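**Student:** Below, each chain spelled out in residue letters.
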Amino acid sequence: MSSQAWINLAYLTASMLFIVAFKLMSGPRTAVRGNYLGAAGMAIAILAACFEQPVAASVAKNGIWPLALLAAFAAAGGGIGATMARRWPMTGMPQMVALLNGFGGAASMLVAAAELTSTHTIARFGEGAAQTTAQTSLGSWTQFGIAIGLACLIGSVTLTGSLVAFAKLQELPRFKKPWDDPNRQWFNLGLGIVVVLLLWAMFSNPQPLLFLLLVLVAAALGATLTLPIGGADMPVVICLLNSYSGLAAAAAGFVIDNSVLVIAGSLVGASGLILTAIMCKAMNRSLVGVLFGGLGTTATVDADEVYAGKIKAAETEELAMVLEQADRVVIVPGYGLAVAQAQHAVRELADVLEARGTTVEYAIHPVAGRMPGHMNVLLAEADIEYEKLREMDDINPTFPETDVAIVIGANDVVNPAARTDPNSPIAGMPILDVDKAQTVIVVKRSLSPGFAGIPNPLFAADNTLMYFADGKKALIDLTAAIARD
Amino acid sequence: MPKTLLLDSATLLATTPSGEDPASTFIRLLTVFLLAMWVGFEVITKVPQRLHTPLTSGSNAISGVTVVGALVVAGSLTSGFGSLFGLLAVFLAMINVAGGFVVTHRMLEMFNPKKK
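Residue numbers (the numbering used here), protein chains in the order written: chain F, 22 to 506; chain V, 67 to 182.
None of these hints come from the bench; they were simulated from the model.
Please note: incorrect hints may appear among the correct ones.
The calculated DSSO-like cross-link candidates involving lysine-lysine, where the alpha carbons are at most 27 Å apart (straight line), are [as the list claims (entries may be wrong)]:
1. F:Lys409 - V:Lys112
2. V:Lys112 - F:Lys44
3. F:Lys333 - V:Lys112
4. F:Lys198 - F:Lys302
In this text, all values refer to a predicted model and were calculated from it rather than measured experimentally.
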């Protein structure tokens with residue numbers, strides 16, 4: 022067997038390991054093994070790459086130092102990545118994933134850039150290749166041109182899109198408010214047209230100058246597409262960028278004719294697309310609507326009308342009494358929980374309740390938080406059992422038998438207007454039916470609206486008690502009050 | 067398959083050292099791409115929502131596979147912009163790979179607390 026065949030066999034092994042890794046993600050226990058297998062696949066692929074003919078030829082000619090240089094850069098990147106991953110707070114997971122997506126996209130773009138500028142390519146094409154392809158202009162799309170154009174486009178969009186998403190999630194002051202210039206769609210359309218033209222040219226005649234232009238315009242587009250998107254739509258953006266980072270890797274695989282890049286890239290691309298679809302469905306919105314529409318912010322209902330005279334604010338002692346009498350309590354976390362870093366306080370409250378014989382469960386809306394599954398990770402960090410974290414469809418039928426539902430830092434995902442008011446901007450969005458519980462306790466700083474910018478009739482409902490306080494402090498006070506009795 | 071793709075096969079032939087017909091190379095890769103995409107859809111729809119964050123970070127790590135491409139490109143070069151791009155790609159992709167796998171492991175550990 023030739024050495025190239027061995028290398029290809031190694032790539033095949035790596036690809037299979039990646040598929041098994043995804044397969045094992047279906048349960049929390051098997052997922053640990055899956056992650057190891059994924060890492061093992063990556064190690065095999067990386068080792069195999071070091072034996073590829075161009076690398077081997079270079080080592081034969083120049084000695085070991087090019088390989089040593091590569092190892093140094095790889096070790097530096099790996100070290101930084103691992104350190105980051107160990108230290109990053111769990112509440113900031115969406116930011117970290119956004120940043121890593123960006124690096125992956127940039128790397129794929131750079132692979133295409135390196136391949137294009139390398140002497141290696143000139144050798145392959147022959148010095149006159151550029152002229153030849155120019156003569157046949159549009160009639161000569163090439164595999165190389167298509168792949169390099171797409172890798173450049175997707176990689177650059179992923180890079181800047183991810184950096185903007187990171188800045189927004191990190192709540193850097195300049196990125197707090199979504200970009201809402203009314204002409205932004207025209208601006209994006211203009212950039213889009215330029216991108217298509219450049220891409221068209223790249224397809225038939227990939228050249229460094231064109232590549233550079235495409236990088237710049239695509240990078241601008243990545244930023245301007247992400248800037249207008251608001252916080253609660255971030256789960257969709259994260260999933261989409263995740264998908265892009267995979268597709269960029271696949272495109273890079275087309276550039277250098279490498280199957281493991283294509284397979285792993287398309288697996289990730291598929292994963293991101295599925296998650297994107299799930300997130301959109303959970304908000305009852307189309308992808309186009311999320312990316313370009315913004316929410317219809319015309320308030321159809323006046324907040325004063327909804328809330329006037331109907332809000333019942335409760336004190337700690339009163340709420341403690343309500344909770345002490347409950348047999349079954351469901352806790353509904355939202356992004357506010359992450360902001361208040363209240364996951365451990367939630368756990369302590371649940372502990373005192375469970376010590377009294379109360380059943381405590383958690384209802385997780387698919388888009389609660391800033392990335393898919395965000396709330397589950399936070400609650401898991403506070404050692405809350407996996408089995409107690411219930412998905413929306415699973416827990417919704419149980420709300421009528423629930424004595425107390427505690428809503429912490431969630432708003433739109435528990436707004437009954439989605440069910441009842443066909444004119445509401447969130448009409449038809451699947452929600453957690455907390456209003457059907459015997460008593461609802463809403464922990465919130467004020468009556469300010471959620472992301473959708475609409476009042477929430479839940480707060481004014483007869484069975485709702487408002488607890489105006491910071492989420493973490495509220496939970497600690499409640500826990501103390503119950504523990505005292 | 068667009069006819070235009072076949073026309074310029076003389077230029078394209080140079081991109082495949084093995085001598086495979088370039089349009090065939092493209093279609094071979096496209097086949098792999100679409101089949102892998104299909105497998106991805108089948109496997110990933112079975113992941114429960116509760117594990118979607120580790121799924122995202124884990125798939126993120128796997129998208130760092132572009133490091134393989136970076137190594138091949140950078141390894142064959144010894145100078146010029148190309149090698150600089152390649153080295154930078156290796157560096158960034160490795161942050162992605164290591165960061166993704168380690169953070170996924172950290173999260174999954176939390177989902178499986180050690181029994182005391």
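**Student:** All hints, please: hold or fail.
**Tutor:** Hint-by-hint comparison with the structure:
Proximity of lysine 409 of chain F to lysine 112 of chain V is assessed by CA-CA distance (about 20 Å); at most 27 Å being required, the pair is judged to hold. Note on lysine 112 of chain V and lysine 44 of chain F: the hinted pairing holds, with a Cα-Cα distance of about 8 Å set against a maximum of 27 Å. The hinted pair formed by lysine 333 of chain F and lysine 112 of chain V fails the criterion: a straight-line CA distance of about 43 Å is larger than 27 Å. With a C-alpha separation of about 25 Å, the suggested pairing of lysine 198 of chain F with lysine 302 of chain F holds against the 27 Å cut-off.
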